[in-house]
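So the chains spell out like this:
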Amino acid sequence: MAEASIEPTARQGLMYSEYLDRFRRSSEFVVIPLLALVASAALFSLFLMLVGKSPVEFFSLVWRGGFGTGFSWQNTLVRASPLIFAALCVAIPARLGMVVIGGEGALILGGFAAGAIAIPLVPIASNVLVMPAMFLAAAIAGGVWIGFVGWLRHYRGINETISSLLLFYIATSVLNFFVEGALRDPSDPNKPSTAPIGAENMIGPIPGTSVHWGLAFGVIACLLVWVLMNRTTFGFAARLTGGNVRAAQGQGLPVGKLVLVSCALAGALAGIAGYFEVAAIHGKANASLIAGYGFTGILVSFLARHNPLAIIPVAIMLGGIASSGGLVQRRMDLPDATVLVLQGMMFLVLLVSETMYGRLPFFKPKGTT
Amino acid sequence: MGDDAGFTTVLFAMIAGAIRVSTPFLFVSLGECLTEKSGRINLGLEGTLVFGAMSAYAISYQTGSPWLGVVVAGIAGMMFGAIHGFICKLPKVNDIAVGIAMMLFGTGLAFFFGKAYIQPAAPRLPSISLGWWSDDPQVRQALDVNPLFLVGIVLAIVLWWGFRNTRLGLIVRTTGDSAPAALALGVNVNVVRFLATAVGGFFAGVGGAFLSLYYPGSWTEGLSSGQGLMAVALVIFARWNPLACFGAALLFGAAGALGPALQSIGISRGYHFFNAAPYLMTLAIMILSISPKRSLKGAPGELSITK
Numbered sequence: 001m002a003e004a005s006i007e008p009t010a011r012q013g014l015m016y017s018e019y020l021d022r023f024r025r026s027s028e029f030v031v032i033p034l035l036a037l038v039a040s041a042a043l044f045s046l047f048l049m050l051v052g053k054s055p056v057e058f059f060s061l062v063w064r065g066g067f068g069t070g071f072s073w074q075n076t077l078v079r080a081s082p083l084i085f086a087a088l089c090v091a092i093p094a095r096l097g098m099v100v101i102g103g104e105g106a107l108i109l110g111g112f113a114a115g116a117i118a119i120p121l122v123p124i125a126s127n128v129l130v131m132p133a134m135f136l137a138a139a140i141a142g143g144v145w146i147g148f149v150g151w152l153r154h155y156r157g158i159n160e161t162i163s164s165l166l167l168f169y170i171a172t173s174v175l176n177f178f179v180e181g182a183l184r185d186p187s188d189p190n191k192p193s194t195a196p197i198g199a200e201n202m203i204g205p206i207p208g209t210s211v212h213w214g215l216a217f218g219v220i221a222c223l224l225v226w227v228l229m230n231r232t233t234f235g236f237a238a239r240l241t242g243g244n245v246r247a248a249q250g251q252g253l254p255v256g257k258l259v260l261v262s263c264a265l266a267g268a269l270a271g272i273a274g275y276f277e278v279a280a281i282h283g284k285a286n287a288s289l290i291a292g293y294g295f296t297g298i299l300v301s302f303l304a305r306h307n308p309l310a311i312i313p314v315a316i317m318l319g320g321i322a323s324s325g326g327l328v329q330r331r332m333d334l335p336d337a338t339v340l341v342l343q344g345m346m347f348l349v350l351l352v353s354e355t356m357y358g359r360l361p362f363f364k365p366k367g368t369t
Numbered sequence: 001m002g003d004d005a006g007f008t009t010v011l012f013a014m015i016a017g018a019i020r021v022s023t024p025f026l027f028v029s030l031g032e033c034l035t036e037k038s039g040r041i042n043l044g045l046e047g048t049l050v051f052g053a054m055s056a057y058a059i060s061y062q063t064g065s066p067w068l069g070v071v072v073a074g075i076a077g078m079m080f081g082a083i084h085g086f087i088c089k090l091p092k093v094n095d096i097a098v099g100i101a102m103m104l105f106g107t108g109l110a111f112f113f114g115k116a117y118i119q120p121a122a123p124r125l126p127s128i129s130l131g132w133w134s135d136d137p138q139v140r141q142a143l144d145v146n147p148l149f150l151v152g153i154v155l156a157i158v159l160w161w162g163f164r165n166t167r168l169g170l171i172v173r174t175t176g177d178s179a180p181a182a183l184a185l186g187v188n189v190n191v192v193r194f195l196a197t198a199v200g201g202f203f204a205g206v207g208g209a210f211l212s213l214y215y216p217g218s219w220t221e222g223l224s225s226g227q228g229l230m231a232v233a234l235v236i237f238a239r240w241n242p243l244a245c246f247g248a249a250l251l252f253g254a255a256g257a258l259g260p261a262l263q264s265i266g267i268s269r270g271y272h273f274f275n276a277a278p279y280l281m282t283l284a285i286m287i288l289s290i291s292p293k294r295s296l297k298g299a300p301g302e303l304s305i306t307k
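Chains as they are written, first to last, in full-length UniProt numbering: chain A, 1 to 369; chain B, 1 to 307.
In case anyone wonders, no lab produced these hints; they're calculated from the structure. Be aware that one or more of the hints could be misleading.
[Said to hold, decoys possible] Chain A is faced by these chain B residues, among others (derived, beta-carbon under 10 Å):
#1 Gly47
#2 Leu109
#3 Ala110
[As the list claims (entries may be wrong)] Covered by chain A, according to a simulated footprint, are these stretches of chain B (three or more residues, beta-carbon under 8 Å):
#4 22-33
#5 85-94
#6 187-197
For each residue, glycine too, the CB sits at the ideal point set by N, CA and C.
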């Protein structure tokens, strides 16, 4: 009865303002992080001026070194690829309310597993067998590593932030232990490494570019994780668990399994990042795997508000900043840790900006509600 | 016979290591203990530790006074704690995430300003010899104690006594156990947590000064690999009791000394494995001492990490 009394024009007006409200509300999630980025750039400029350097020169060098030419774009995208995987390793557990920061450990072990399984396989098998075996070994190693973090969290009540970071240190020891010991390639006197996997087992670039396939895999992984988290029962259950564990348990959701599967999936993705580092860049597993991608990935995921689709552009942005590091270092005589300082400031300002949600009048729904 | 000599060498090295290596663990864990008692967690103490180490070394090199370095490291740590405390005070901000950000920011800043101080040698802190009664050089070496170690012991006792017997201790504990109860007592919860985080940062900064000015005794970028983080885990293990923090710090120090000690008698195989020993031990201790079935004795009720 009441519905019938609404005129068609009034109903249209209602829908319009609902649409506008939804737009206002979701634009909040884009505008506030962008404001935070601008504010952190301003803060960093202040920092540069305090140490007597020109912020204008810095940001123009970052632009030139990261995005200015086709060559720098390719460099940026090569760095964005592991960042995407590492950020997914943070974003998936974050949906369940977990802060996992040890993706670097899963990346290292994934790369190591890929390099290690290649040692016995390369002399006896063709690349049709070796490449999938390396890929799987990396995914399994990473999955088990972070899956263990999830197990500790759910079944032993151990804080996942601390345990995952401890496991990162253990992972570096595992890598060094084997690479400098039993699995060291004696024919390479310079840097302790596993035996080279050979050119035929390397994964090549995407045709027409010098960017390896890891980027394409990363973008596909982001799309799949988005579908998984937003369009499936699994994702719904995971988000429910993240919202309120007790309520989820009360509903009879298998919280333990959700935690385990999500963490294992997250770790597997980080392990795959390690696979691409070995199979597309280094050609063998060694200490070069410890490059900090896992830690920058934490920042990427937080900047993207743990949204898998937003991870792609954010990873490209931070990949660009990282790849311009060398140029900035040479031209401005700044230490290589400059990028770390900028990243730290971005992270802090972003977290401060969390407090603004729901407080700015512009984003408040104005229509019917 | 040779085995026996090797064994005593390792044993002495581990006792000496427990005394020498434990000091940064002790300071960071006492700082974290104070912060957590007030109901907040500061995971960023790893960054504070590294920055404290860098600033202490830089000041000691510039002024020639290592003790001034210690003070400056403490003040720098206090600033980091104050930033952490200020940001966490804002509504809707997650203290664990802020800790991670402070960890990255602190290490980044330390590496940025510390680049110039990697090479030069700064004056180091003196040590007090407590082994004068023994003729054995190993015993003497083991009992060469840094004054900061003794300060740490006194601090642990003062905190332990203070939490139980003083009005201030009661205010901190109430704030940590129940913010509404503290509010009802007329306590400003935010101010108490802010101060507890800042003072906790001061302790962690001093712990960093020990790293660069006494043992290992120089500034490098790999100076602290996770010691600040292990100290956070150590506080949980010590059940938020400052005296237990001291015991746990000794244990962690001994574990950290295992690798170098074995290397000194020629066992270099598995060096990386023994380097991982402190991390493995932290993890094992957490697995053994935490149960999801019951809440932890002495845990502050407002703490996000134990929920």
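Against the structure, the hints come out as follows:
no.: 1; hint: Gly47; result: 8 Å, holds
no.: 2; hint: Leu109; result: 6 Å, holds
no.: 3; hint: Ala110; result: 8 Å, holds
no.: 4; hint: 22-33; result: violated (count 0)
no.: 5; hint: 85-94; result: holds (count 6)
no.: 6; hint: 187-197; result: violated (count 0)
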